[in-house]
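Residue numbers (the working numbering), protein chains in the order written: chain A, 1 to 174; chain B, 1001 to 1289.
None of these hints come from the bench; they were simulated from the model.
Virtual Cβ for every residue (Gly too), placed ideally from N, Cα, C.
Straight-line C-alpha distance at most 20 Å; calculated EDC-like pairs for lysine to aspartate or glutamate: (1) B:Lys1051 <-> B:Glu1011; (2) B:Lys1051 <-> A:Asp69; (3) B:Lys1051 <-> A:Asp55; (4) B:Lys1051 <-> B:Asp1010; (5) B:Lys1152 <-> B:Glu1133; (6) B:Lys1044 <-> B:Glu1005; (7) B:Lys1051 <-> A:Glu54; (8) B:Lys1044 <-> B:Asp1017.
Computed far set for chain A versus chain B, every beta-carbon distance over 12 Å: (9) Met8; (10) Leu34; (11) Gly102; (12) Leu150; (13) Thr162.
Sample of chain B residues at the chain A side, in silico, Cβ under 10 Å: (14) Glu1005; (15) Gly1028; (16) Arg1031; (17) Ala1099; (18) Arg1184; (19) Ala1185.
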Amino acid sequence: MMQPVNLMVNGTPYELLVHPSRSLLQVLRDDLHLTGTKEGCGTGYCGACTVLVEDAAVNACLYFAVDADHRHVRTIEAMRAPDGSPQALPAAFIECSGLQCGYCTPGMIMSAAALLASDPSPAEDDVRSALSGNICRCTGYQSIVASVMLAAARMAQHERQTQPEPSPRSRSRA
Amino acid sequence: MLYFEPNFVDEALVLLDRFGPDARVLAGGTRLRFALHPGDEAEKIALVNVKRISDMRGIQRAGAFLRVGALATAAALTADEQARTFAPLLVRAAESLGAVQLRNVATVGGNICSGDPASDLSAALLAYDARCEVASSQEQSRIVAIEQLLSKRAPILASGELLVAVEIPIGEHRCAYEKVMTRRAFEMALVAVAARCRLEGDTLNDVHIALAGAGETPLRAAGAEAWLRGRRLDEATATEAGRVAAVHDAKPVTDHRAGAEYRRHLVSVLTQRALLSMSSSPTSARSNL
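The shape of chain A in the complex, shown without the other chains (with noise of 0.2 Å):
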């Protein structure tokens, strides 16, 4: 029987009807079109399919659909600017050659993205620690590494230089 269901994706609200057999991977490719999100093994292995629910990373192959009702899932295809050019963490994925066949990119890079949301600037084994749950049959990991480290140190001289001067009084009293 089919099941309603209210998923916000990327900001964007959809109302479903799902089958309870359905995993969360199958309904953002087949239903939503949003095919930036890969399957790999299919069994939670490899990591390739991972999202963000409440900001989590899970695995979207082993997440059923509609345990995500009026959940918010943040995929590959959020992680662009207004402008449509890649935020921090892609373009670092470029700039380092972070990729070679891609296949593992996006679940990297959601994984790096909920690592940065907790701890912004992580040393590199908890980045190895961070990604160990994704699997990239290509790079052996370094440039992979390399690529989240060259993010976050990014965003947080993007933070830096986007928040505002300590005006001189407050910087005498520190």
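Given the structure of chain A, go ahead and fit chain B onto it with the hints provided.
Below, chain B alone, put in the same frame as chain A:
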């Protein structure tokens, strides 16, 4: 396939009764997706999503116990101050479970009910002698020792039963969690050893050792525990206890991930390591906190 989101335990029990063996309880869902058989019998299956049931959520102190709702995820355990204080062994096991994508959804209840012999959380709960609150429409709710629940292979619960929470006795103890995997992260344990004890001077008391991946179910190393009682904790003791656990307690099987003899060897080494690390680990979970 039918789908339900009951709000209360009683509501869920009515559904479990009505659909009997065709009911599937959905918590984290990581195992359930593969237990479903689309096509042949999926139409009569009733998926019972228990996420709305507040009795099954939360981690809080209840008298002499830390009550952990069956829906508590591994990630919630690692972030919870009370769990870190009163059940540090469970937190360590939770930290070692899978990768972040699994920790964010995998639940305590799902770990127990899937009956996985290599479950990190089950091993830690065994070492704690945790009690499980099991509800069914026949009786209001019964308290079952985790060891009894885990003494058989899945299905752990009878048709119509629901695991609501686990209760961990609070007390001063040292603990250790040792695990070997085929890579450094995000793997099932080939073997894991969860241990806790009290040390009076060098003397071991209240020793609990649980083994994951060392049999067809998670196991208590009762032989090693009995042998250790009242002994001085030193290298020779730890080595002999590891041997006893490997020879008398472990019932390892060979599968695609490791052979039985290698697993037996790991039980010996990891038991020894766990015991020795407890001689230097800080005492935690003071009951007078």
